[in-house]
Amino acid sequence: MAVVKERRASMAERKPSFIGKESPMIIPHLAGMEDPLPEKTPEEVDVVIVGTGLIQSILAAALSWQGSHVLHIDKNEYYGDTTPTLTIEQLTQWVRNVNKGLIPFYTNAQIYVSSDKIGKNYASRDFGIDLVPKVLFAQSDMLTLLVKSRVYQYMEFMPLSNFHTFENDSFEKLTNTKQEIFTDQTIPLMTKRNLMRFLKFVLNWENYPEIWEGYSNKSMAEFLSEKFKLNQTQSSELIFSIGLCYNNDVATPQCLQRIRRYLASFDIYGAFPVLFSKYGSAGEISQGFCRSAAVGGATYKLNTALESYDPTTKIVKFSDGSKVHVSERVVVSPTQTPDPKSKNIPKQNYKIHRLVVAIEKDCKQWFGEQESATVVVFPPGSLNGENFEAVQAIIFGSNSEICPQGTNLWYLTSVEKGENGKRLLDLALKTMLKSISRESIEVDDNVVKFDNKTGSPVINEKYLKEELNELVEPKILMKCYFEQYTSTCPFSIAQPEIFKTQKKDTTDDTTNGNKDNGVIYSPMPSSEISYDGAITAAKVLYETIVGSDDDFFDVDFEDEDITTTNNNRMSYSESAITDDEGEEDDIIMKN
Amino acid sequence: MHGIKRKNFTQELIKQKKLKDQAKIKYYRELNNQLLIAYKTNHKYDLESFKLTSIILDLNPELNVAWNFRRKIILNYFLQNTDSNVAFDWNQELNFTMLQLKRYPKVYWIWNHRTWCLRYVNDIQMWQNELHLVDKMLAVDARNFHGWTYRRYVVSQLKKNEPSNSDLLNETEFDYTTVKINKDISNFSAWHQRASLFPGKLSQLQGYSAKLELIKNEISYLTNAIFTDAEDQSVWIYLKWFITDATIVGILQTGEGGDGYLNVLKQFEDSIQIINNDEIEFSGKDNNWCLKILIVIQTIFFDKLQVEKGGRTDDRRIMLEKLVEVDPLRKNRYLYLLK
Amino acid sequence: MLQYKLVLLGDSSVGKSSIVQRFVKDSFDEQRESTIGAAFLSQTIKIKSPNKDNDQENDEDIAIKFEIWDTAGQERYRSLAPMYYRNANAAVVVYDVTAKDSLNKAITWVDELKSKVDDEKKLVISLVGNKIDLISSTNDINESANSPGRQVDLLDAENFAKEHNLLFHEVSAKTGKGVRDVFYEIATLLYKQKLEDDALNKKDTNENEDRSINVALSRPSTNDPTSCCS
Chain A
1 MAVVKERRAS MAERKPSFIG KESPMIIPHL AGMEDPLPEK TPEEVDVVIV GTGLIQSILA
61 AALSWQGSHV LHIDKNEYYG DTTPTLTIEQ LTQWVRNVNK GLIPFYTNAQ IYVSSDKIGK
121 NYASRDFGID LVPKVLFAQS DMLTLLVKSR VYQYMEFMPL SNFHTFENDS FEKLTNTKQE
181 IFTDQTIPLM TKRNLMRFLK FVLNWENYPE IWEGYSNKSM AEFLSEKFKL NQTQSSELIF
241 SIGLCYNNDV ATPQCLQRIR RYLASFDIYG AFPVLFSKYG SAGEISQGFC RSAAVGGATY
301 KLNTALESYD PTTKIVKFSD GSKVHVSERV VVSPTQTPDP KSKNIPKQNY KIHRLVVAIE
361 KDCKQWFGEQ ESATVVVFPP GSLNGENFEA VQAIIFGSNS EICPQGTNLW YLTSVEKGEN
421 GKRLLDLALK TMLKSISRES IEVDDNVVKF DNKTGSPVIN EKYLKEELNE LVEPKILMKC
481 YFEQYTSTCP FSIAQPEIFK TQKKDTTDDT TNGNKDNGVI YSPMPSSEIS YDGAITAAKV
541 LYETIVGSDD DFFDVDFEDE DITTTNNNRM SYSESAITDD EGEEDDIIMK N
Chain B
1 MHGIKRKNFT QELIKQKKLK DQAKIKYYRE LNNQLLIAYK TNHKYDLESF KLTSIILDLN
61 PELNVAWNFR RKIILNYFLQ NTDSNVAFDW NQELNFTMLQ LKRYPKVYWI WNHRTWCLRY
121 VNDIQMWQNE LHLVDKMLAV DARNFHGWTY RRYVVSQLKK NEPSNSDLLN ETEFDYTTVK
181 INKDISNFSA WHQRASLFPG KLSQLQGYSA KLELIKNEIS YLTNAIFTDA EDQSVWIYLK
241 WFITDATIVG ILQTGEGGDG YLNVLKQFED SIQIINNDEI EFSGKDNNWC LKILIVIQTI
301 FFDKLQVEKG GRTDDRRIML EKLVEVDPLR KNRYLYLLK
Chain C
1 MLQYKLVLLG DSSVGKSSIV QRFVKDSFDE QRESTIGAAF LSQTIKIKSP NKDNDQENDE
61 DIAIKFEIWD TAGQERYRSL APMYYRNANA AVVVYDVTAK DSLNKAITWV DELKSKVDDE
121 KKLVISLVGN KIDLISSTND INESANSPGR QVDLLDAENF AKEHNLLFHE VSAKTGKGVR
181 DVFYEIATLL YKQKLEDDAL NKKDTNENED RSINVALSRP STNDPTSCCS
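Residue numbers (full-length UniProt numbering), protein chains in the order written: chain A, 1 to 591; chain B, 1 to 339; chain C, 1 to 230.
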């Protein structure tokens, strides 16, 4: 039976003080909600959201700004649920809980913490480890929403321009801008032409169906080699490092879209395709949206678990004994279900292997100038020919503020099927460790000479090999591996079907005492390295609750001093102090 | 637009804006009348009129009559007056134009006034500051044609002031175009600048082999460029200039037993043909710039160098016919040439 | 312009927002605000340079800009995110002089704050007792419990502040009494701190070569679409 859900009343209709405002409504600068906060847990709310992960947090903020009263809880003492940023202590506890079976949809969690370093040279809280590390494309719905919702003002962002591909036993930095292609002396002339032609094409690929239509069901590698005569190295850079695809089977249109995502993101905020948030990835953005939701009127309660929901009385019970009546829906993270065995939870069929390592080593040579992060990709087959899926790694240096000076955090991810995932991640880790030790040997003049003409370094292989014998691998401070399950198939976005309400009509189930009848389960994080898909998932949930996503974040914030707020946005990390007077006028003649 | 805040123009706001605009227009018209009367009727060259031009130019920098008036006031009032209290502050005047340029970088009259000031003072330090300023402007908008024209002008003034420095200036200016082209191969102004600097750079070099090496380097730079982007006209126009410039041709012709020039042309012809064939294979169409330059090359071959036609066919007619198709905008010109 | 992040702390309904409202807008709305703005409020104030002898020409005013973060209600169930405390330069911890237990609660907020920030020594904390307008003019502590009156002893609060090196004020957001002083005192202290830091940093010149760049999201690059396939 198809039930057409009635569109829910908008905020203007529900909150008298907003009546008369034009749509999209303008939130007054002092968006103090008129009623004083109640002293206790509210007795009646519109929506209860359980779990403060990325998608739920976006949803909470969207609903709050739409005018719904949201009660947002999390059983943990920290924000983030499936996408938190954790200290080493918290991560250790998390691993313990996974192994005790307390956190569904994670398996095989293991952690090593160097006891002679952590707690001595470094503190546990010097580290901010994301369970789901991500990078942010400069042109993406997430970035647009961060700006629109003003959540970006709570955070700081840094650029990331260097992408590396591991190929033929070495890490190649991508050549992907027109400037690089033009000036790189090592690229053959015809290749320059082919690359440029492809880059031009891909920015408007839908407009040239005659070029790609014949390849709709064929692999991208075939397309690149036949249509653009690009060799294997080039096409693998395009598919895996620029497109960030997992394997060679990806269909051409899908891959073109992903390659464009990268290229179109160039030069939006500067000469880099992606950014990342300091102090943590998805964990930080989750916190930001939660704050936004709170400002919009949502109530927050950590350390509180969902006990049960009764879809007939619409009463939600919590672990602290409190209860609340819900007028609309209850959204629950699968990890915080009151009943892990419940059949209502969508099947989480896809496995993601994740490895995070803290190492005591500088990796500056991999970063762009003044940057503190890089992406390294191991295309399929590049790990002794064993990996069917690409291994993606993000490396963060200490300026990202998620690890102390002189250390780095390496995040490796794979969607390899079967039991090989962990071994492959270890192999990729080993390869990178070997490479970073090799690259950072104290180079004396014998090893590297500089070409007089081009100024580029030329390595003397003979000396290098001698030096290699004295390699010392960097110290591993912490290493944590786990497997996460998701219903979102690699490379895709969350399927709307999984949000369908779980059996509202529950004649047998209520007697069986299912504690989660009638709740909506939110999706587990996908394997996607960017934030793509998160907002789509939040929107689908939003639509399920509100009836339409027309007014998803349809707010404009009144801004009295937009110029001051915008121009003075600055880093607190240095000193919280800048002198921004006088800098603007540097073009004026000096006497 | 990315990250740029959308402004909601409600009916009320639009109304307010209209009212505001009306008042503005009225105000501007009044000022304009005042100015014309002061200038044309009363020839009132004084501080008050000067201030009036500042106000009106701030509103509309395109009003050249105000600039003219302003200059008259400077010449006939400030500079005539020996009283030190009204001594003219040229730096302040330059700042005035700078503020204007920041807002309206493409208004010719502002540039004009600025150069007038600089020419009048003609101080080497001022010209040097000017060059730094152009650097900054072109860093913001590398393709601003005014910026490039102005840069050439400043350099010429610097050379005039310090002839001994002229070689060094040529050198740095040439390198500057390389940097800008590397950043953006389609920077037409930079290519244009390069063409104007190349002969000077060539003549600075002593000895045939040094000159030849510079030319060869440029050939490889150009070849690189046409392979990187064969759709961009800037490179082709530069190439066309390069293979027909008398100085370059002269140097090439003395080498390789007199065949130096011919060989370079052949080399370009080969490259261009490779590119064009590749284009045909990919899109089924000729690249019109390839055809155009091939015609230029063949014209040099057959008309100028009188190359014996043995072993070579004159494809110019065929290529022109193709051009009629691939470049319909200039169809009539090609048809004319075919006759 | 110097810019500082200032966070508000204290239990719900002690009047945190009213104080900021009074400071920023110089108004007080009895029915209003439990929480503030979309992101945070900012307010710039000018203070006199404390060092008269340094080579400041004409003894110019120093502009100090506060970026003020309100708890947005997240304090109610002790659910403030690390993001809230991060890089705070100053904190105003508020209690209600007419609520008996509220000083004790403020004290736990001070502890919480100190445990959450990286460098607690640099953090300027001001303990602020609000609602002195509700104390009757006789200032009689033994007033009956029913009539609103002082429930937190001035000396207790003052002593606690002294002991823990906090600034201390009693204010009324309603009448505005004392509010301005809270922020000017913080500003002056922060500026003093900055001068000391500057003096120290001069000694080890440019030690901090390893600078990183942040991206200002409010301003997309205005560069020509040059570097990539335009």
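In short, the hints are calculated from the structure, not lab data. For clarity, every value in this text was computed on a predicted model and none was experimentally measured. Honestly, I wouldn't trust all of these hints.
[Said to hold, decoys possible] When the alpha-carbon atoms are kept at most 25 Å apart in a straight line, the in silico SDA-like pairs for lysine to any residue are as follows:
{"id": "1", "chain 1": "A", "residue 1": "Lys148", "chain 2": "B", "residue 2": "Ile14"}
{"id": "2", "chain 1": "B", "residue 1": "Lys26", "chain 2": "B", "residue 2": "Asn68"}
{"id": "3", "chain 1": "A", "residue 1": "Lys364", "chain 2": "A", "residue 2": "Tyr208"}
{"id": "4", "chain 1": "C", "residue 1": "Lys121", "chain 2": "A", "residue 2": "Thr431"}
{"id": "5", "chain 1": "A", "residue 1": "Lys218", "chain 2": "A", "residue 2": "Gly381"}
{"id": "6", "chain 1": "A", "residue 1": "Lys75", "chain 2": "C", "residue 2": "Ala216"}
{"id": "7", "chain 1": "C", "residue 1": "Lys122", "chain 2": "A", "residue 2": "Thr183"}
{"id": "8", "chain 1": "A", "residue 1": "Lys479", "chain 2": "A", "residue 2": "Thr183"}
{"id": "9", "chain 1": "A", "residue 1": "Lys218", "chain 2": "B", "residue 2": "Lys240"}
{"id": "10", "chain 1": "A", "residue 1": "Lys200", "chain 2": "B", "residue 2": "Asp89"}
{"id": "11", "chain 1": "C", "residue 1": "Lys121", "chain 2": "A", "residue 2": "Gly119"}
{"id": "12", "chain 1": "A", "residue 1": "Lys301", "chain 2": "C", "residue 2": "Ala216"}
{"id": "13", "chain 1": "A", "residue 1": "Lys75", "chain 2": "C", "residue 2": "Lys105"}
{"id": "14", "chain 1": "B", "residue 1": "Lys160", "chain 2": "B", "residue 2": "Glu231"}
{"id": "15", "chain 1": "A", "residue 1": "Lys200", "chain 2": "B", "residue 2": "Lys201"}
{"id": "16", "chain 1": "C", "residue 1": "Lys121", "chain 2": "A", "residue 2": "Pro404"}
{"id": "17", "chain 1": "C", "residue 1": "Lys114", "chain 2": "A", "residue 2": "Tyr208"}
{"id": "18", "chain 1": "B", "residue 1": "Lys285", "chain 2": "A", "residue 2": "Tyr208"}
{"id": "19", "chain 1": "C", "residue 1": "Lys65", "chain 2": "C", "residue 2": "Asp119"}
{"id": "20", "chain 1": "A", "residue 1": "Lys301", "chain 2": "A", "residue 2": "Gly119"}
{"id": "21", "chain 1": "A", "residue 1": "Lys200", "chain 2": "B", "residue 2": "Ser271"}
{"id": "22", "chain 1": "C", "residue 1": "Lys122", "chain 2": "A", "residue 2": "Gly406"}
{"id": "23", "chain 1": "B", "residue 1": "Lys240", "chain 2": "A", "residue 2": "Thr183"}
{"id": "24", "chain 1": "A", "residue 1": "Lys364", "chain 2": "C", "residue 2": "Lys105"}
{"id": "25", "chain 1": "C", "residue 1": "Lys5", "chain 2": "A", "residue 2": "Tyr208"}
{"id": "26", "chain 1": "C", "residue 1": "Lys116", "chain 2": "A", "residue 2": "Val113"}
{"id": "27", "chain 1": "B", "residue 1": "Lys136", "chain 2": "B", "residue 2": "Asp89"}
{"id": "28", "chain 1": "C", "residue 1": "Lys114", "chain 2": "A", "residue 2": "Glu369"}
{"id": "29", "chain 1": "B", "residue 1": "Lys240", "chain 2": "A", "residue 2": "Pro188"}
{"id": "30", "chain 1": "A", "residue 1": "Lys229", "chain 2": "B", "residue 2": "Asp232"}
{"id": "31", "chain 1": "A", "residue 1": "Lys229", "chain 2": "B", "residue 2": "Lys136"}
{"id": "32", "chain 1": "A", "residue 1": "Lys323", "chain 2": "C", "residue 2": "Tyr77"}
{"id": "33", "chain 1": "A", "residue 1": "Lys301", "chain 2": "A", "residue 2": "Val113"}
{"id": "34", "chain 1": "C", "residue 1": "Lys121", "chain 2": "A", "residue 2": "Ser124"}
{"id": "35", "chain 1": "B", "residue 1": "Lys136", "chain 2": "A", "residue 2": "Glu369"}
{"id": "36", "chain 1": "B", "residue 1": "Lys201", "chain 2": "A", "residue 2": "Thr183"}
{"id": "37", "chain 1": "A", "residue 1": "Lys117", "chain 2": "C", "residue 2": "Val117"}
{"id": "38", "chain 1": "A", "residue 1": "Lys227", "chain 2": "B", "residue 2": "Gly284"}
{"id": "39", "chain 1": "A", "residue 1": "Lys227", "chain 2": "B", "residue 2": "Glu231"}
{"id": "40", "chain 1": "A", "residue 1": "Lys229", "chain 2": "B", "residue 2": "Lys201"}
A quick look at each hint next to the structure:
1. Only pairs whose Cα atoms come within 25 Å are accepted, and lysine 148 of chain A paired with isoleucine 14 of chain B is accepted, the gap being roughly 23 Å.
2. The suggested pairing of lysine 26 of chain B with asparagine 68 of chain B holds, with an alpha-carbon distance near 23 Å, which does not exceed 25 Å.
3. A distance of roughly 41 Å separates the Cα atoms of lysine 364 of chain A and tyrosine 208 of chain A; the hinted pair therefore is violated under the 25 Å criterion.
4. For a cut-off of 25 Å, the pair hint linking lysine 121 of chain C to threonine 431 of chain A is broken: about 43 Å separates their Cα positions.
5. Between lysine 218 of chain A and glycine 381 of chain A the CA atoms are separated by roughly 19 Å; this keeps the pair inside 25 Å, and the hint holds.
6. With a CA separation close to 35 Å, the supplied pair lysine 75 of chain A and alanine 216 of chain C exceeds the 25 Å bound.
7. Pair hint lysine 122 of chain C plus threonine 183 of chain A does not hold up; C-alpha atoms about 49 Å apart against a cutoff of 25 Å.
8. As the CA atoms of lysine 479 of chain A and threonine 183 of chain A are separated by approximately 40 Å, the hinted pair breaks the 25 Å bound.
9. Under the criterion of a C-alpha separation no larger than 25 Å, the hint pairing lysine 218 of chain A with lysine 240 of chain B is inconsistent with the structure, at around 42 Å.
10. With a CA separation close to 51 Å, the supplied pair lysine 200 of chain A and aspartate 89 of chain B exceeds the 25 Å bound.
11. Between lysine 121 of chain C and glycine 119 of chain A, the direct Cα distance comes to roughly 21 Å. Compliance with the 25 Å bound is thereby established for this hinted pair.
12. Note on lysine 301 of chain A and alanine 216 of chain C: the hinted pairing is violated, with a Cα-Cα distance of about 32 Å set against a maximum of 25 Å.
13. In summary, the hint linking lysine 75 of chain A to lysine 105 of chain C is supported, as the alpha carbons are separated by about 24 Å, within the 25 Å threshold.
14. Using a Cα cut-off of 25 Å, the hinted pair lysine 160 of chain B and glutamate 231 of chain B is violated, with the two alpha carbons roughly 39 Å apart.
15. For the hint pairing lysine 200 of chain A with lysine 201 of chain B, the CA-to-CA distance comes to about 35 Å; that exceeds 25 Å, so the pair is violated.
16. For the proposed pair lysine 121 of chain C and proline 404 of chain A, the alpha carbon gap of about 20 Å is at most 25 Å, so the pair holds.
17. Proposed proximity of lysine 114 of chain C and tyrosine 208 of chain A is contradicted: the alpha carbons are some 60 Å apart, above 25 Å.
18. Using a Cα cut-off of 25 Å, the hinted pair lysine 285 of chain B and tyrosine 208 of chain A holds, with the two alpha carbons roughly 15 Å apart.
19. A C-alpha spacing of about 21 Å is found between lysine 65 of chain C and aspartate 119 of chain C, which places the hinted pair at or below 25 Å, so the restraint holds.
20. The suggested pairing of lysine 301 of chain A with glycine 119 of chain A is violated, with an alpha-carbon distance near 30 Å, which exceeds 25 Å.
21. At roughly 21 Å between alpha-carbon atoms, lysine 200 of chain A and serine 271 of chain B fall within 25 Å of each other, so this suggested pair holds.
22. Proximity of lysine 122 of chain C to glycine 406 of chain A is assessed by CA-CA distance (about 24 Å); at most 25 Å being required, the pair is judged to hold.
23. A distance of roughly 22 Å separates the Cα atoms of lysine 240 of chain B and threonine 183 of chain A; the hinted pair therefore holds under the 25 Å criterion.
24. At most 25 Å may separate the alpha-carbon atoms for a hinted pair to count; lysine 364 of chain A and lysine 105 of chain C exceed this at roughly 46 Å.
25. Taken as a hint, the lysine 5 of chain C and tyrosine 208 of chain A pair is broken in the structure, with Cα atoms around 51 Å apart against an allowance of 25 Å.
26. Between lysine 116 of chain C and valine 113 of chain A, the direct Cα distance comes to roughly 23 Å. Compliance with the 25 Å bound is thereby established for this hinted pair.
27. The straight-line distance between the Cα atoms of lysine 136 of chain B and aspartate 89 of chain B is roughly 24 Å, inside the 25 Å bound, and the hint therefore holds.
28. Straight-line distance between C-alpha atoms of lysine 114 of chain C and glutamate 369 of chain A comes to about 35 Å, which puts the hinted pair past the 25 Å bound.
29. The straight-line distance between the Cα atoms of lysine 240 of chain B and proline 188 of chain A is roughly 24 Å, inside the 25 Å bound, and the hint therefore holds.
30. For the suggested pair lysine 229 of chain A and aspartate 232 of chain B, the alpha carbons sit about 21 Å apart, so the restraint of at most 25 Å is met.
31. In summary, the hint linking lysine 229 of chain A to lysine 136 of chain B is not supported, as the alpha carbons are separated by about 41 Å, beyond the 25 Å threshold.
32. Annotation: proposed proximity of lysine 323 of chain A to tyrosine 77 of chain C holds, straight-line Cα distance about 15 Å (limit 25 Å).
33. About 31 Å separates the Cα atoms of lysine 301 of chain A and valine 113 of chain A, which puts this hinted pair outside 25 Å; it is violated.
34. This hinted pair checks out: lysine 121 of chain C and serine 124 of chain A have alpha carbons roughly 20 Å apart, not beyond 25 Å.
35. With a C-alpha separation of about 21 Å, the suggested pair lysine 136 of chain B and glutamate 369 of chain A falls inside the 25 Å cut-off, and the hint holds.
36. Straight-line distance between C-alpha atoms of lysine 201 of chain B and threonine 183 of chain A comes to about 22 Å, which keeps the hinted pair within the 25 Å bound.
37. Proximity of lysine 117 of chain A to valine 117 of chain C is assessed by CA-CA distance (about 22 Å); at most 25 Å being required, the pair is judged to hold.
38. Taking the CA atoms of lysine 227 of chain A and glycine 284 of chain B, the gap is near 13 Å; set against the 25 Å cutoff, the hint holds.
39. A hinted pair counts as satisfied when its Cα atoms are at most 25 Å apart, and lysine 227 of chain A with glutamate 231 of chain B qualifies at roughly 18 Å.
40. The hinted pair formed by lysine 229 of chain A and lysine 201 of chain B fails the criterion: a straight-line CA distance of about 39 Å is larger than 25 Å.
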